[in-house]
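Number of protein chains: 2
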Amino acid sequence: MPLPDIRNICVVLVSTRNPLNIGAAARAMSNFGIRNLRLVNPYEPGFREARSAVGAAATLQDARIFSTLAEAIADCVLVIGTTGGRDRNLDNTLRRLQDAAPLVEQEAARGMVAVVFGSEKRGLSNDDLSYCHWTMNIPTAEDHVSMNLGQAVAVSLYEITRVPASTELAPSPESPALTIGDSLATSAESERLAASLLQALGLSGYVKPGTDAAVEDRVRRLVRRMRLTSGDADLVQGMVKQILWKLQKENG
Amino acid sequence: MPLPDIRNICVVLVSTRNPLNIGAAARAMSNFGIRNLRLVNPYEPGFREARSAVGAAATLQDARIFSTLAEAIADCVLVIGTTGGRDRNLDNTLRRLQDAAPLVEQEAARGMVAVVFGSEKRGLSNDDLSYCHWTMNIPTAEDHVSMNLGQAVAVSLYEITRVPASTELAPSPESPALTIGDSLATSAESERLAASLLQALGLSGYVKPGTDAAVEDRVRRLVRRMRLTSGDADLVQGMVKQILWKLQKENG
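Residue numbers (this note's numbering), protein chains in the order written: chain A, 1 to 252; chain B, 1 to 252.
Since the hints were derived computationally from the structure, they do not count as laboratory data.
One copy or two, either will do: identical chains are not told apart, so a pair holds if it fits within one copy or between any two.
For lysine to aspartate or glutamate, the following EDC-like pairs were computed, each having C-alpha atoms within a straight-line distance of at most 20 Å: (1) Lys241 with Glu216; (2) Lys121 with Glu142; (3) Lys208 with Asp234.
Because the structure is a prediction, the values reported are computed rather than measured.
Chain A on its own, in the form it takes in the complex (with noise of 0.2 Å):
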């Protein structure tokens, strides 16, 4: 999977009091390929043992520790706070955060940008906001804007190297459950299936004595609308010829 140059991304997390968020931060991290942690005042020195560290283990012993945000992004380019939703802060531009990924990208093809979380608790401080070249948020429902930090970070790198909605890769309108190598079946195809269907109605009493040019119209509509792919259209074929010749035999 291509993700953006992340190597240039670095998370920040401020005076974070659950170490289990920590790990869960570092998991996240993880899962997503960025790999520079940096903590500002960790309340709990245990975090590198986080259990919630699942495949973490390596960001989190790597993760370094900083006692002011000054230090811990004295290095980088492009400083983005991250906020609850609230506009606590009006010195700050908010963006949200689907409208930050691309700047974030952009930035650190130039040099390091931290995404800083603060607190559980409180957020960032006014102080840490004033490190900060502008804010993003996550938008969210307004009556429940306060994200756990854990999925708030994840949510943030998801969309940060977040590789956009493919067209070509798209389902096509034509066949859109298709899995790669399959085709829709053909016209012949299906007209053999309906045809197969049509026998098997017919024997088993579906089809009343005048009907038959409705039914048949109806058949062929529906095995079309179905639109099976030509390994569904056999597969459906070798049941209904099975049914067949059972009903055939029985018929004797």
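Given chain A's structure and the hints, the job is docking chain B onto it.
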């Protein structure tokens, strides 16, 4: 902030072991305005008191519990399984989250859509996946595909609610042949049809001794791939019932 119509989206958690993860999922749901939580065989009955459920108490209280996935998704027109990124199941089409999200929105305009998450350790079983129309995954770093459950729910719902609601009535890629007024067959309707078809296949000798489970799985998947409307599901059900009646009569 504008959100798409999300009353028709539900989250289904199958065999979740850790009640904290149920709380975390409920919190993420609250953040993104999605309230319909369904639990299949949660391991720990005390989940409603999960401490991590900040802001998610109502979602947890209203969560419904089911003993099977089939029951949990009986009213759903689209069921999406989530996977850890490995193509463990080649029978289901796999879409990236960002490609899946627009389809979720589109179908949610017509009926209930389920996003299904498996247990922390094992994900969804093959049997679970046989109830899914297709699967989606969150693109992750290749060496760290396993996401925390609550984070996976958060990222998925972020992406699903991220896409602006479309106002046009463009034909759905998922069901090109729908005419206005048709709704897709519910899972329960698909299940009834699969059951009748299986019975007919049994009577006709299609099902060889010892292959019942495999054929059942195959038929269930086949019926879901057809993406029948409710009307067409009725039509096919009627055909199969008639054939069934005939086969039973002949078998005495």
